[in-house]
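K.L.:
Going down the list, the protein sequences come from chains A and B. Just so we're aligned: the first sequence equals residues -18 to 480 in our numbering. Just so we're aligned: the second sequence equals residues -18 to 480 in our numbering.
Check each hint, because a few of them may be wrong.
Put simply, identical chains are the same to the list, so a pair is met inside one copy or across any two.
[Said to hold, decoys possible] Taking lysine to aspartate or glutamate pairs in the EDC-like style, the calculated list, with each CA pair at most 20 Å apart, reads: (1) Lys415 to Glu109; (2) Lys415 to Asp307; (3) Lys297 to Asp186; (4) Lys173 to Asp320.
Quick caveat, the hints were computed from the structure, so don't treat them as lab data. Being a predicted model, the structure only gives us computed values, none of them experimental.
2 protein chains.
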Amino acid sequence: MSDAYTHLLSHFKQTALLGSCESVLGWDERTYMPRGGAAHRADQIALLAGLVHDRVTEPSVDGWLQAIEADEPDAGSVEAVNVREWRRAYDRATRMPKTLVEEIARVTTVGQQVWMEARANDDFDAFEEILADVVRLKREEARLLAEGTSLYDALLEDYEPGETTENLQRVFGPLKEALVPLVARVGEASVKPDLSILHREYPEDAQSAFGTEVAAAIGFDFERGRLDVTTHPFCSGLGPGDTRITTRYDRHELNQAFFGILHEAGHGVYDQGLSPEHWGTPMGSAVSLGIHESQSRLWENFVGRSPAFWRQFYPKLKAAFPGVLDDVDESNFVLAVNDVRPSFIRVEADEATYNLHIMLRFELEQALIEDELQAADVPSAWNELFESYFGMRPESDASGCLQDIHWSGGGIGYFPTYTLGNLYAAALFDQAGKDLGDLDAQFEAGEFGPLLQWLTTKVYNQGMRYYSNDLSMVITGTPLSHEPLIGHLTRKYETLYGI
Amino acid sequence: MSDAYTHLLSHFKQTALLGSCESVLGWDERTYMPRGGAAHRADQIALLAGLVHDRVTEPSVDGWLQAIEADEPDAGSVEAVNVREWRRAYDRATRMPKTLVEEIARVTTVGQQVWMEARANDDFDAFEEILADVVRLKREEARLLAEGTSLYDALLEDYEPGETTENLQRVFGPLKEALVPLVARVGEASVKPDLSILHREYPEDAQSAFGTEVAAAIGFDFERGRLDVTTHPFCSGLGPGDTRITTRYDRHELNQAFFGILHEAGHGVYDQGLSPEHWGTPMGSAVSLGIHESQSRLWENFVGRSPAFWRQFYPKLKAAFPGVLDDVDESNFVLAVNDVRPSFIRVEADEATYNLHIMLRFELEQALIEDELQAADVPSAWNELFESYFGMRPESDASGCLQDIHWSGGGIGYFPTYTLGNLYAAALFDQAGKDLGDLDAQFEAGEFGPLLQWLTTKVYNQGMRYYSNDLSMVITGTPLSHEPLIGHLTRKYETLYGI
């Protein structure tokens, strides 16, 4: 190891350590912080974000990087991966003045608090001003970061390195064209799930206990993590050995918390599966939000909504809620958790229509950042576009444009990663089946270890070695496409719905 | 305001902001952090402690201080108070190498985790090594900080500026001489409280709800604070608008959580009553742990164990636990919460014998830091000394030398502040009675606002204007003495026990 590399390693590990303090504060802000602490918390987070920025942009970083780059480290080596990413981080960060970094941290911290209130009160007016501020700041950021690309692509790069609007449109187009008729076919099927069974009396304590049991069964380690309650569920890695997930409970909504927990636990096993030896460096970091989301989707949908999974867990579910499901047989339950129909709330949407929710947000946030849509016009734009996609209008902003926390927190360019997650999940799950044999038989037996081990080796331990498109290509041998996802959905719905 | 002062103000406010991030991490560590996160958390806290240390010891601080000191700011002004304390902080911090600061932060963070396990398993051997490490590091710290004083006084100065072992012994001696016969008289009284009534069935949820109601009634603001559950209860100020307290519940121990909540809420109202305009500066900080403790004691004991308080709350307590206390009249309940007798656990001790627990620890920790007692010998030294004070030996280390978190966290020199708290509480409460008229009548009516307002003006808003001894002298006109506390206890026990 060269001296320059040793310096960089120590420098960026300390920087990651400082950044992880910010993660603790962010987690606390969304879980337990009292309302009165919001303003001070914004100051704290802004301070830490500024200190991290100072460290990333220290001039000595450039010197160390140049010393190594001159030597051209072996492509594909740990050193080459880390240096490539440190260079990218340095170049992007030096384009951003610290004042802007701090202002974005502060405004988006307050923004999330304002959003929570506004959503609870269905009051878009209370949110409009800070949304406009966030968009203005993110546009300023995008202008500074864009190098011949669109403003939107400059922000997308933060969540999905190497990804472009053009490539997304290449795949999203055929995806939409295949999804719409598939959803229509399911809608016309004579088989209709009885959704009322999911809205019976499911005490919250029992939901929490059952969800915890299942999350542990698929491999989420509660010695190195925990589960809490928040309005908007999330997963946050606070450091090695500390990965936290959240959910929300409603005693008349079994799906919401159960699949929410499975979803976040999917993120969680990715985080827990990252290489501890490389913690704090790109080789020990998740490659992108799309790949992160592929894990939450894979465990939530490809595993958790499969008939084989419920062969193992349906008897346990019935035991967890004594008497509640005595009259419901397993196949009817599986059908109910695979209901497909247009709905207002993204996080409650089914596997198929979910992607339409994403495409809508993808369109709107491009318009916002390109200054073609103003914050004040978001509700009407949302409602119109929603009607064109789903044939119905939201009854309120709370179930429309106020439903997601992302924009309030500065997450513009983030939404497409959800559909990328579905696409990557499908591609990876296909390949895992080829490599591991009969996954259904394993799920029926409650064995998730082989799949988790396969993902740990192929994906989690790879860190940022390959960007998403390349990682998927290396594992599956084919480029990003809508086909695996459409294939999965078509096979499943044809069987369940007899279409 | 001079330029130098403006620089210092901004510099130390930012430093306090950074320090408050450490407080959030510390709170999380003791409440919700999964076990697997302990090692990383220790690194995080060490990093922040090191960064704070860097800022406090920046050479420019000395330059700014000298510029102001040359002008001699008006004694008693906000500027003079802040400058005096910044100078003290700078001088103490520059004597400590950063590596030692970081090592202490890391070892004491791990130490608290090890202590929790050791206490739960009643396993002193598991704790011995890290205790020895902590003592060694604190001794090193004391050597660097002592300026002609004893090692113990050098550490005491951190918690109780201006206080000395000599002054403590001056007051603790007569206190012990007055307490021992008073406790004996109560023990010989024919009136005997029926303690069994406190060990009936008190569901934890109802304890939490009732404790929360009472904490709010005395003035703890839950919009700017919260209550959680931990093994060792504490209060932590995480910043303006964010003050958190904890307690622990046992459904067969009413006293533990109830008076625990009241105690921590007493700390909490002090923290919430500090001047927000001076936050992050000495004028907006608590003056000492002794004065902090005087507030927890005042609200727990002088208010919460008074017959007048229960005139207001006993009917509410009965309503909170329907049927449980139907056969117990108010006077018998008040007698039970004023039981006096030797016991093993400090935090459960009565108002009188509590101080003997403190004197025991005060002796032992002086011996530890002066290298006259080794970590390995702590259990036997504890048990022998305990027998000489209380006439009985602890049955286990968990109920002996393992019961307190303080030493594991580096808190050596901390314990005497508890008895100082009792002494100051008595002095302040006497004076409040003189200034505010019939406090009992106010408590009976559920009115705690006048007392809170008096304390806010006289104590909380004063920040670090005066050190403890002087603050008490300014408010009450008399120096620290055992007399107000002994007077309070004697009057109360003579009435309740008919002695």
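K.L.:
Checking each numbered hint in turn, tell me which of them this model violates, lowest number first.
P.N.:
1, 2
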